[in-house]
Structures are given as C-alpha cells and as structure tokens.
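For reference, the chains in residue letters:
There are 2 protein chains.
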Amino acid sequence: MTAASDRQLTALSELAGLVAGGVTRRSQLATATGLSRAAVAQRVDLLIAKGLLVETGTVATERGRPPLTLQLASATAVVCAVDLGATHSAVAVAGLGGTVLAEATEDLDINDGPEAVLTGLHKQLGRLLDTAGHPAEHVRAISIGLPGPVEASTGTVIRPPIMRGWDGYRVPSFFADRYRAPVLVDNDVNMMALGEYGHRPATAHLLYVKVGTGIGCGIVSGGLVHRGATGAAGDIGHIRVPGHDEVLCHCGNTGCVEAVASGAAIAATLREAGLPAEHAADVVRLVAAGDPLARRQVRLAAQRLGDVVASLVSFYNPDTIVLGGSIASLHDDLLADIRAAVYRRALPLATRTVAIETTLLGRRAGIEGARRLAVQHLLSPEGIGHMLG
Amino acid sequence: MTAASDRQLTALSELAGLVAGGVTRRSQLATATGLSRAAVAQRVDLLIAKGLLVETGTVATERGRPPLTLQLASATAVVCAVDLGATHSAVAVAGLGGTVLAEATEDLDINDGPEAVLTGLHKQLGRLLDTAGHPAEHVRAISIGLPGPVEASTGTVIRPPIMRGWDGYRVPSFFADRYRAPVLVDNDVNMMALGEYGHRPATAHLLYVKVGTGIGCGIVSGGLVHRGATGAAGDIGHIRVPGHDEVLCHCGNTGCVEAVASGAAIAATLREAGLPAEHAADVVRLVAAGDPLARRQVRLAAQRLGDVVASLVSFYNPDTIVLGGSIASLHDDLLADIRAAVYRRALPLATRTVAIETTLLGRRAGIEGARRLAVQHLLSPEGIGHMLG
Numbered sequence: 001m002t003a004a005s006d007r008q009l010t011a012l013s014e015l016a017g018l019v020a021g022g023v024t025r026r027s028q029l030a031t032a033t034g035l036s037r038a039a040v041a042q043r044v045d046l047l048i049a050k051g052l053l054v055e056t057g058t059v060a061t062e063r064g065r066p067p068l069t070l071q072l073a074s075a076t077a078v079v080c081a082v083d084l085g086a087t088h089s090a091v092a093v094a095g096l097g098g099t100v101l102a103e104a105t106e107d108l109d110i111n112d113g114p115e116a117v118l119t120g121l122h123k124q125l126g127r128l129l130d131t132a133g134h135p136a137e138h139v140r141a142i143s144i145g146l147p148g149p150v151e152a153s154t155g156t157v158i159r160p161p162i163m164r165g166w167d168g169y170r171v172p173s174f175f176a177d178r179y180r181a182p183v184l185v186d187n188d189v190n191m192m193a194l195g196e197y198g199h200r201p202a203t204a205h206l207l208y209v210k211v212g213t214g215i216g217c218g219i220v221s222g223g224l225v226h227r228g229a230t231g232a233a234g235d236i237g238h239i240r241v242p243g244h245d246e247v248l249c250h251c252g253n254t255g256c257v258e259a260v261a262s263g264a265a266i267a268a269t270l271r272e273a274g275l276p277a278e279h280a281a282d283v284v285r286l287v288a289a290g291d292p293l294a295r296r297q298v299r300l301a302a303q304r305l306g307d308v309v310a311s312l313v314s315f316y317n318p319d320t321i322v323l324g325g326s327i328a329s330l331h332d333d334l335l336a337d338i339r340a341a342v343y344r345r346a347l348p349l350a351t352r353t354v355a356i357e358t359t360l361l362g363r364r365a366g367i368e369g370a371r372r373l374a375v376q377h378l379l380s381p382e383g384i385g386h387m388l389g
Numbered sequence: 001m002t003a004a005s006d007r008q009l010t011a012l013s014e015l016a017g018l019v020a021g022g023v024t025r026r027s028q029l030a031t032a033t034g035l036s037r038a039a040v041a042q043r044v045d046l047l048i049a050k051g052l053l054v055e056t057g058t059v060a061t062e063r064g065r066p067p068l069t070l071q072l073a074s075a076t077a078v079v080c081a082v083d084l085g086a087t088h089s090a091v092a093v094a095g096l097g098g099t100v101l102a103e104a105t106e107d108l109d110i111n112d113g114p115e116a117v118l119t120g121l122h123k124q125l126g127r128l129l130d131t132a133g134h135p136a137e138h139v140r141a142i143s144i145g146l147p148g149p150v151e152a153s154t155g156t157v158i159r160p161p162i163m164r165g166w167d168g169y170r171v172p173s174f175f176a177d178r179y180r181a182p183v184l185v186d187n188d189v190n191m192m193a194l195g196e197y198g199h200r201p202a203t204a205h206l207l208y209v210k211v212g213t214g215i216g217c218g219i220v221s222g223g224l225v226h227r228g229a230t231g232a233a234g235d236i237g238h239i240r241v242p243g244h245d246e247v248l249c250h251c252g253n254t255g256c257v258e259a260v261a262s263g264a265a266i267a268a269t270l271r272e273a274g275l276p277a278e279h280a281a282d283v284v285r286l287v288a289a290g291d292p293l294a295r296r297q298v299r300l301a302a303q304r305l306g307d308v309v310a311s312l313v314s315f316y317n318p319d320t321i322v323l324g325g326s327i328a329s330l331h332d333d334l335l336a337d338i339r340a341a342v343y344r345r346a347l348p349l350a351t352r353t354v355a356i357e358t359t360l361l362g363r364r365a366g367i368e369g370a371r372r373l374a375v376q377h378l379l380s381p382e383g384i385g386h387m388l389g
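Each protein sequence line maps, in turn, to chains A and B.
Quick note on numbering: the first sequence equals residues 1 to 389 in my numbering.
Quick note on numbering: the second sequence equals residues 1 to 389 in my numbering.
Wrong hints could be hidden among the right ones.
[Said to hold, decoys possible] Anything over 10 angstroms on all C-beta distances counts as not near chain B; from chain A, calculated: (1) Gly22; (2) Arg25; (3) Ala41; (4) Ala86; (5) Gly228; (6) Val241; (7) Ala273; (8) Phe315.
[To be verified] Here are the in silico distance ranges between beta carbons for each label pair: (9) A:Thr99 to B:Gly113: 57 to 63 angstroms; (10) A:Gly165 to B:Asp332: 42 to 48 angstroms; (11) B:Ser27 to A:Glu357: 52 to 58 angstroms; (12) A:Ala86 to B:Arg352: 23 to 29 angstroms; (13) A:Ala355 to B:His199: 36 to 42 angstroms; (14) A:Gly17 to B:Thr56: 34 to 40 angstroms; (15) B:Ser27 to A:Ala41: 22 to 28 angstroms; (16) A:Pro348 to B:Gly223: 52 to 58 angstroms; (17) B:Thr56 to A:Thr10: 27 to 33 angstroms; (18) B:Gly274 to A:His279: 39 to 45 angstroms; (19) A:Glu272 to B:Gly274: 25 to 31 angstroms; (20) B:Gly22 to A:Ala136: 44 to 50 angstroms; (21) A:Pro348 to B:Gly133: 42 to 48 angstroms; (22) A:Asp45 to B:Thr99: 54 to 60 angstroms.
Hints listed in this document are in silico derivations from the structure and should not be mistaken for laboratory results.
Note that CB positions come from ideal geometry on N, CA and C, so glycine has one too.
Produce the complete structure using the sequences and hints provided.
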C-alpha cells in the first residue's frame with residue numbers, strides 16, 4: 001500500500017484507536033466498525049506488519065483454541081517525550097500504552113542555542129533508550145515541548161522571548177538524520193495543557209494557565225490542542241490588565257499581565273522592597289517561609305491575573321482551569337483570589353460549572369502531554385500515513 | 001433500520017456530505033469511501049427512501065444508458081432559518097443546497113414572551129411555506145437564532161438580559177407538535193459567526209464581534225461553532241476594559257466593555273451632551289450626518305473595544321475577525337481604531353496574518369448562519385439518526 005487514500009488512513013487510524021481503547025479481538029473490531037472480517041483482517045495485518053500492533057494468544061477457551069488478542073506493540077515500539085525548559089531537559093521513553101520505561105532530567109542552558117542543546121538532548125535520549133533496552137529503530141515518534149512560540153505544523157521556533165539563537169530554527173530537521181520517526185514540536189504550555197487534560201476524563205474544555213517566570217496558557221477542547229491560525233493561541237502574557245499602565249513590560253508595551261503578575265514581576269517588586277528575590281523560585285521560598293510582604297504580592301498578582309482569567313472564562317467558557325508553574329505551587333494564596341475575580345467578573349452561565357484547580361501532574365505535566373501528543377499523532381491518519389511512508 | 005449504530009450513522013452522514021459536496025454518482029461514492037458498490041447502494045437507497053437524496057437520470061451517454069445522478073432532495077425537502085431579534089423576526093425557507101425560496105422580515109416585540117412571539121413566528125413560517133409551495137411535512141429542520149444566551153444542547157433560554165419571560169423556556173418544545181423536524185436553537189451571534197464563516201472559504205478560525213445595542217462574539221473553528229461548556233462562550237460584553245472603573249454596567253459590575261463601547265453606551269454619552277440619541281440607530285444616524293461629537297465617541301468606543309479584541313487575538317489567534325452589528329456599519333471610524341489597538345497590543349506571531357473586516361452579509365448573517373446550521377445538522381450523524389428514528 002504505497003499510496004493509501006485519506007479514507008484508508010482514516011480507517012486504519014480508527015482501527016488502531018479502537019485497539020488502543022481496549023477492543024482487542026478481530027471479531028469485535030468488525031462489529032465496532034461495520035467492516036467485513038476480511039476488510040478488518042487486511043487492515044489489521046498491515047498494522048501488524050508495520051509494527052504498530054501485535055497479536056498474541058493468551059487465553060485458552062473451552063474449545064482449546066485460544067482467541068488472539070490485539071494490542072499496541074510494546075516490545076519494538078516506543079515514543080520519546082521531551083520537556084525542554086530554560087534550564088532543564090526532562091526526557092521520557094514510554095510505551096505506546098503509556099508506561100514510562102525510563103525518564104531523566106538534566107540541566108542545560110537553552111541560550112546555548114539549538115545545535116548545542118539538541119546535541120545534548122540527543123545524547124540524553126540515547127542513554128535513556130539504552131536504559132529502556134530499545135534501539136533507536138524502535139522510536140516511533142519524538143515529541144518536544146519548548147519554552148517559546150512554535151509553528152507546530154513545521155516545528156519552527158518563532159521569535160522566542162527567551163531561547164537565544166533559536167529564532168527560525170526548524171527543530172525536526174535536527175533529528176531527520178538521526179531517527180526515522182516523526183518529530184512533533186510545540187510550546188511547552190500546550191504540552192502541559194494536554195497532559196492535564198488526559199488526567200481529567202470528564203473534562204471537555206480545559207485552559208492550563210502557567211504562572212512561573214512568565215505567564216502563558218494552553219487550550220484543549222475535545223482532546224485537541226487549539227493552536228490557532230499561526231500557533232500563537234494561548235499567548236496571554238501581554239494582555240493588558242486594568243490599572244497598571246505605568247508598568248513597563250519587556251515587550252515594550254505597558255500594563256501587560258506578565259509585567260504585573262508573573263513570578264519575575266513579583267520578584268522585582270520584592271527586590272525593590274529590599275527582599276532577596278532574584279527569581280520566581282525566590283518568591284516561592286519567601287512565601288513558604290511566611291514572609292508577609294511576599295504573600296501580599298502573590299495575592300495582588302492573583303487578583304490581576306484573576307481579571308485576565310475572568311475574561312478568558314467569559315470568552316471561552318471552559319469547564320476546567322488548571323493553574324500550573326512555580327508560582328501556582330502557592331495555591332492557597334493564589335487560588336482564592338483568582339476564583340474571587342472569576343466569580344465577580346464573569347457571568348453566571350459561564351461560572352456555574354467552571355472548576356479552578358491546581359495541577360494534578362505538577363512538573364510532569366509537560367512530559368506527560370508530550371507523551372500523549374506522540375501517541376495521539378502515531379494513531380492519527382497523518383501518523384499512519386507517515387508510517388506507511 | 002431502527003437502531004442504526006453510531007458507525008452506520010457516521011457512514012450515512014459521510015455519504016450525504018459527499019453528495020452535498022458534488023460527488024453525484026454511486027460509482028464515485030464507492031471510490032471516495034472505499035465501500036463496496038453493494039454497501040453504497042444499500043445506504044444510498046436508504047437516504048433516498050427517507051427523502052434526503054434524490055436520483056435522476058439526466059445525462060445521455062454514448063451507450064444510451066443515462067448514468068444516474070444523486071443530489072440533495074429539493075422538491076420535497078426544505079429547511080427553515082430564523083433570525084429572531086428584539087424587534088424583528090427574519091425568516092427564510094431554503095432548499096438543502098442553499099437556495100432561498102422565500103424570505104420575509106416582520107416586526108415583533110421579544111418581550112411579549114415566548115408563546116406570543118413563537119405563535120407569530122409559526123404563522124409567519126406558514127405563510128412563507130405557502131409562498132414557497134411546500135407543505136409543513138417538507139420541513140426537515142428549523143434553526144433559530146435568539147438575542148440571548150441559549151443552552152444549545154436543549155434549546156433552552158438561560159437568564160437572558162433582554163427577552164422578558166423567556167428565562168428557562170425550551171424553544172423546541174413549542175414546535176414539537178407542529179413539525180416533525182428537529183429544532184436547533186442558538187444565540188444569534190453564533191449564527192452570524194457561522195454565516196460569515198461560510199462565505200470565507202479560506203478561513204479556519206473566525207471571531208464575529210457584534211457591536212450593536214450590546215456587545216457579543218461568536219467563535220467558529222473548523223466549521224463548527226465553539227459554544228463552550230455551558231453555551232456561554234463568546235459572552236464578551238462584560239470583560240473589563242482598563243480605565244473605566246467608574247462606569248456602572250447594567251450587570252452590576254463596573255468598567256465592562258458593553259458599558260463603555262456599545263451602541264447603547266455611546267448613545268447615553270451623546271444624550272448627556274445634549275444630542276438626540278436614544279438608541280444605537282441614533283448614533284449611526286448622527287455619525288452619518290457628520291456630527292463630530294458622535295464620531296469622536298464612536299472612535300473612543302473603538303479604542304476600548306480594540307483593547308478587548310487585542311486580548312482575544314492573543315488568546316485565540318484567529319485568522320479572521322468580522323465586525324457586525326449596527327455600529328459596525330460605521331466601519332471607517334470603527335475599523336481603524338480597532339486595528340490600531342490589535343496591532344499595538346497583540347504579539348507579531350498572532351497579528352501578522354489576522355484580517356479585521358466588516359461583515360460580508362450584513363443583516364443577513366444571522367439567517368444565513370441559521371440556514372447553514374440546519375443543513376449541517378441534517379447531514380450530521382445526529383441529524384441522520386433523527387431522520388431514521
């Protein structure tokens with residue numbers, strides 16, 4: 001099958017998705033899809049031949065002939081999930097079913113530029129594959145979250161505010177000679193949003209608001225990341241908040257929420273007051289130590305951020321808002337004021353069901369979302385098409 | 001087929017959609033879907049039996065046997081599209097392919113309550129069906145846009161700011177005894193957004209911002225209205241704009257964009273200045289007459305609204321923003337300031353491709369969107385299921 005039609009790819013994707021969802025027998029697949037047994041057999045055999053599915057006989061029946069059971073391949077197929085931050089790279093090798101086989105975090109400096117950072121990442125990935133006992137040929141997809149804007153369709157970094165030397169760099173090209181697998185690249189906050197979404201089965205419309213050094217947002221509806229026209233969706237850090245037009249933001253505008261409510265902004269205010277606060281992490285430390293001024297500044301930041309979150313609730317009407325990032329670890333102080341702002345500003349129809357929560361996955365949200373995106377892609381018509389090559 | 005599976009409904013929906021899109025021969029449908037000719041025949045025959053498709057032999061071939069051509073039924077199937085405003089009802093009877101067969105607008109007062117208004121609407125619809133030469137049994141779907149929040153899944157009006165007597169009213173129940181067709185109800189701004197989207201083939205993510213007496217927004221991505229968790233999405237009128245915390249809004253909060261940039265707000269400001277401006281329409285009239293104070297107030301409103309639109313661009317990253325509503329007819333004055341605000345506030349990745357335009361359809365956007373939603377529903381698995389059921 002060298003030139004599979006869109007329709008054929010959709011049918012293969014549907015079958016693979018059913019197997020991933022627990023429909024494990026050929027007869028069940030025929031019933032679920034309405035396809036004939038012959039048509040199921042032809043497609044399933046192709047997916048087995050390409051190494052996406054395996055079939056095993058494990059259950060003995062009364063008649064003595066064990067029915068064969070299909071599942072996603074595990075012995076010969078893995079995905080690599082990467083959460084690349086400003087100062088760290090977290091990497092996991094995982095099975096298609098979700099089992100993490102090996103995982104490690106290393107320090108780096110994103111401003112060393114793409115070649116140096118990705119070379120280090122490639123080595124880290126190699127070590128983890130060794131640990132997991134899988135050769136590079138087993139890698140079926142690589143999924144990378146980056147701390148900056150990405151054109152997801154091409155994996156190109158676009159005018160990142162941090163990430164010196166990365167502007168215009170097309171990340172998948174680095175891996176093209178090293179792995180045969182597709183390389184998916186997205187903004188780290190989108191990955192985190194997808195990770196949190198995957199752990200909330202009852203959620204349909206989720207916003208993940210990250211409050212760390214900066215402020216960003218990931219949007220997931222119906223299991224899919226909303227990236228917008230150019231991949232810039234969720235870039236909420238430069239929304240103007242009322243009452244702060246005197247505060248200059250690094251973007252050149254004034255009154256941006258990132259300039260008055262981010263970890264960096266809180267730290268700057270505390271420094272001006274003579275407290276030892278260089279980074280967002282220092283803010284967290286001071287609040288944990290009970291410093292009243294630090295707590296006060298976090299609560300003020302929560303009120304300002306709450307105004308922005310309230311406008312997102314009015315516009316998008318999500319059922320779940322997840323707060324993540326280092327400042328979100330201060331949830332006692334942060335949640336109350338954000339919730340208060342949302343309930344005060346947004347209308348009842350939008351607020352009566354919205355849950356405003358902190359992260360379930362913490363620092364693993366990004367890597368978990370990357371893993372999920374990799375498998376989602378692998379089972380998609382596009383991913384199947386890549387596999388059939 | 002009394003209990004068609006989801007899969008069967010999806011297959012039928014796909015076939016109907018292909019026919020609607022111009023795939024008109026059974027052999028072409030088999031190629032396009034990968035189904036056998038027998039399977040196509042069985043499904044097509046069902047859709048013909050149910051009156052959704054018709055098959056005609058119109059083209060003579062060399063061998064003398066005219067190949068049969070499928071198309072959406074037109075002689076026996078229509079949809080009714082309704083745009084219900086505060087003071088008018090615009091109704092159209094249209095063929096499934098989009099041809100408007102009859103259309104009329106009548107005056108009403110939405111505050112007469114649902115029974116009175118819908119009884120009048122029912123009569124209006126009856127007259128139009130007479131004009132179009134179709135009995136009530138030909139109506140396959142009724143689609144109604146309302147000037148208030150609607151829970152679209154049930155067609156229930158929820159706490160409308162105008163529409164006295166409608167709170168909690170389930171609109172489809174009124175029509176249940178009168179037509180066998182499904183009744184789709186949605187906020188009028190969502191309908192307008194869908195109408196404008198349908199006339200822009202290159203658009204993927206569209207926001208329709210209505211600036212009339214009030215301010216609202218409809219969101220369409222990938223051809224589907226984004227309604228959010230409770231149908232409240234797009235309710236942007238009460239987003240807070242910077243610098244106007246002294247202005248009281250009818251919602252009880254202060255500084256809402258609707259309180260400082262809507263047609264009603266501009267009219268109020270002009271009244272205070274001694275100008276004869278009761279309604280948004282008076283603002284339009286004054287600007288058209290060249291009144292400088294009226295123009296000034298419209299431009300100030302555009303700047304305030306522009307701040308909100310900029311935050312929506314940052315968050316949602318649309319490729320198209322359409323301005324509609326009575327104030328949007330003043331586009332020379334409105335567009336420049338809204339564009340300026342968006343380009344000043346939102347980041348380059350989000351603004352470099354966004355088009356900010358006025359409506360293509362004008363007052364017909366709502367009725368055109370309702371028509372489109374009716375056909376979209378009719379050809380959907382859910383609509384097919386209703387038809388079979």
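We went through each hint and held it up to the structure:
no., hint, result
1, Gly22, "holds, 17 angstroms"
2, Arg25, "holds, 17 angstroms"
3, Ala41, "holds, 15 angstroms"
4, Ala86, "holds, 19 angstroms"
5, Gly228, "violated, 2 angstroms"
6, Val241, "violated, 7 angstroms"
7, Ala273, "holds, 25 angstroms"
8, Phe315, "violated, 5 angstroms"
9, A:Thr99 to B:Gly113: 57 to 63 angstroms, "holds, 59 angstroms"
10, A:Gly165 to B:Asp332: 42 to 48 angstroms, "holds, 45 angstroms"
11, B:Ser27 to A:Glu357: 52 to 58 angstroms, "holds, 54 angstroms"
12, A:Ala86 to B:Arg352: 23 to 29 angstroms, "holds, 25 angstroms"
13, A:Ala355 to B:His199: 36 to 42 angstroms, "holds, 38 angstroms"
14, A:Gly17 to B:Thr56: 34 to 40 angstroms, "holds, 39 angstroms"
15, B:Ser27 to A:Ala41: 22 to 28 angstroms, "holds, 26 angstroms"
16, A:Pro348 to B:Gly223: 52 to 58 angstroms, "violated, 30 angstroms"
17, B:Thr56 to A:Thr10: 27 to 33 angstroms, "holds, 30 angstroms"
18, B:Gly274 to A:His279: 39 to 45 angstroms, "violated, 57 angstroms"
19, A:Glu272 to B:Gly274: 25 to 31 angstroms, "violated, 48 angstroms"
20, B:Gly22 to A:Ala136: 44 to 50 angstroms, "holds, 46 angstroms"
21, A:Pro348 to B:Gly133: 42 to 48 angstroms, "holds, 46 angstroms"
22, A:Asp45 to B:Thr99: 54 to 60 angstroms, "violated, 48 angstroms"
When the structure is compared with the earlier hints, violations turn up for hints 5, 6, 8, 16, 18, 19 and 22 and for no others.
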